[in-house]
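A.B. asks: Sequence:
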Amino acid sequence: MSDNNKHRPWRVLRRETLYESQWVSLHRDDVRLPDGSMIAGHHVVDFPRPAVCVVPCGDDERILMIEHYRFITDITGWELPAGWMEENEDVEAAAMRELREETGYHAREIAYQGFYYPAHGSTNLTFHVCLGLGLKRVGDILDTNEVLRAAWFSPKEIWAMIDANEILDGQTLTALLWHFARAASVE
1 MSDNNKHRPW
11 RVLRRETLYE
21 SQWVSLHRDD
31 VRLPDGSMIA
41 GHHVVDFPRP
51 AVCVVPCGDD
61 ERILMIEHYR
71 FITDITGWEL
81 PAGWMEENED
91 VEAAAMRELR
101 EETGYHAREI
111 AYQGFYYPAH
121 GSTNLTFHVC
131 LGLGLKRVGD
141 ILDTNEVLRA
151 AWFSPKEIWA
161 MIDANEILDG
171 QTLTALLWHF
181 ARAASVE
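Per this note's numbering, the sequence shown starts with residue 1, numbered consecutively.
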């Protein structure tokens, strides 16, 4: 096989939408692979809107996290503020809104870090990561349906939680590890 064939994209030949809502759609695609073989019925989870996550960093390097109950996995755990971006909302505005709704804090600055795909073998979800800097408490947590409470953690405490497998949210883990890796690279 030539190098060109190794990098030729998969080709969607047919798409059937099995389910569609404002939040998520499920498609069943028939796909031709670069070697000419076929996958009939590759399932694709389609998210129509990207999501954003904020790493709220205090001046003392502590990070503000939220305690959240997730009914799908029936667990309560610590996460970073995150959520869907509204239609026509830019990343920084969405990060500021999620930070305010889920923690009661406002950031003087939102610093964009980048984006990633949490599971791009089966879904197109795009997840943006931002830092929230210059934090100031401006009120109570607004999203009391999702957030149980907010608390500050030192990097050492967060590393201990990661080491003990106590932070189970993939987006939170990725954003935290990305943040710590970047912080370590400038030291």
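Keep in mind the hints are simulated off the structure, nothing from the lab. Each residue gets a CB set at the ideal place from its N, CA and C atoms; glycine is no exception. Any given hint could be a false lead.
Here are the computed lysine to aspartate or glutamate pairs in the DMTMM-like style, where the Cα-Cα straight-line distance is at most 20 Å [said to hold, decoys possible]:
#  : residue 1 : residue 2
1  : K156      : E92
2  : K136      : D59
3  : K136      : E92
4  : K136      : D163
5  : K136      : E20
6  : K136      : D74
7  : K156      : D60
8  : K136      : D169
9  : K136      : E61
10 : K156      : D140
11 : K156      : E166
12 : K156      : E67
Quick list of the computed label-pair ranges, beta carbon to beta carbon [said to hold, decoys possible]:
#  : residue 1 : residue 2 : range
13 : A183      : R32       : 42 to 48 Å
14 : T123      : W152      : 49 to 55 Å
15 : I39       : W159      : 49 to 55 Å
A.B. asks: Each hint should be assessed against the structure and marked as holding or not.
C.D. replies: Here is what the structure says about each hint:
| no. | hint | in the structure |
| --- | --- | --- |
| 1 | K156 / E92 | 28 Å, violated |
| 2 | K136 / D59 | 10 Å, holds |
| 3 | K136 / E92 | 17 Å, holds |
| 4 | K136 / D163 | 30 Å, violated |
| 5 | K136 / E20 | 40 Å, violated |
| 6 | K136 / D74 | 32 Å, violated |
| 7 | K156 / D60 | 13 Å, holds |
| 8 | K136 / D169 | 25 Å, violated |
| 9 | K136 / E61 | 14 Å, holds |
| 10 | K156 / D140 | 27 Å, violated |
| 11 | K156 / E166 | 14 Å, holds |
| 12 | K156 / E67 | 18 Å, holds |
| 13 | A183 / R32: 42 to 48 Å | 44 Å, holds |
| 14 | T123 / W152: 49 to 55 Å | 32 Å, violated |
| 15 | I39 / W159: 49 to 55 Å | 41 Å, violated |
Hints 1, 4, 5, 6, 8, 10, 14, 15 from the earlier list are contradicted by this structure; the remaining hints agree with it.
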